[in-house]
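Q: Taking the hints into account, I'd like the entire structure generated from these sequences.
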Amino acid sequence: AKGTSILVQQVLDKCSALVHRVEGLESDNTAQQLEILKLKARVKKLERLNKGRISVDIDEGIELVDDQEKDAQVKGRQADTQAEIYNIDLDHTSKVLSMQED
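Quick note on numbering: this note's numbering labels position 77 of the sequence shown as 77, and the sequence is numbered without any gaps.
Don't read these hints as lab results, they were simulated from the structure. A couple of the hints might just be wrong.
[Said to hold, decoys possible] List of simulated lysine-lysine pairs, DSSO-like, C-alpha gap at most 27 Å:
(1) 51 with 38
(2) 51 with 40
(3) 2 with 14
A: This is how it looks when you write it as structure tokens:
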């Protein structure tokens with residue numbers, strides 16, 4: 001009877017240790033799941049912010065190209081206007097060069 005009670009006590013001790021270990025693992029699992037949820041929320045937030053930045057960058061690039069095209073058109077018109085004011089033939093150089101080739 002004494003040996004049986006010692007054996008029962010050892011089984012109860014092992015069972016108690018395993019219960020504590022399972023509780024610790026469950027606690028760790030819960031903490032990890034919470035951390036995963038927080039990280040997923042953070043990733044979604046960063047993705048939303050990043051999409052906003054990408055669309056702003058795309059818009060800026062388009063505006064820059066558009067501004068460059070407008071600047072080129074304005075400069076071309078300014079050159080034509082100045083040529084008219086001062087009676088300058090803008091094609092004079094190409095005409096002279098083509099005459100020399102003939």
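Q: Taking each numbered hint in turn, which are not upheld by the structure, reported in ascending numerical order?
A: none
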